[in-house]
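S.K.: Sequence:
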Amino acid sequence: MAFTHSGAYLASADKSGIIKYFEPNMNNLTAWQGSNSREAIRGLSFSPDDQRFATASDDSSVRIWNFQDQRVESTLTGHGWDVKCVEWHPTKGLLVSG
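Count along the sequence shown from 1, then add 32; that gives the number in the numbering used here.
Please note: incorrect hints may appear among the correct ones.
[Stated by the list, open to error] Below, in silico cross-link-like pairs of lysine-lysine (DSSO-like), each with a Cα-Cα straight-line distance of 30 Å or less:
1. K52 <-> K116
2. K124 <-> K52
3. K47 <-> K116
By construction, these hints were calculated from the structure, which means they are not laboratory data.
Working from the sequences, and respecting the hints, build out all of it.
M.R.: And the structure:
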């Protein structure tokens, strides 16, 4: 679960791979399937400009999403096992995952 840096939205993901985001007052809920394999999404982090977010999943991938369009821009593979966490660097376009 993570707030955008602006505080305008809260996003969460669950064990069935569903991503949800909404305004902090619980209005305008949006939900979609975030994992093709319906594996759990364990981590979520927004980019410094809030235009993108990354998810860490039990399907061994990190996905970079376009926040406004709700679409995957890139899928990063290579972990070989579940990915439990992901974080954007606070000022640069760098991601760490594990």
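S.K.: If a hint holds in the structure, say so; if it does not, say that too.
M.R.: How the hints compare with the structure:
Pair hint K52 plus K116 holds up; C-alpha atoms about 18 Å apart against a cutoff of 30 Å. A threshold of 30 Å between alpha carbons decides the hint, and for K124 with K52 the separation of about 25 Å falls inside it, so the pair holds. For the proposed pair K47 and K116, the alpha carbon gap of about 12 Å is at most 30 Å, so the pair holds.
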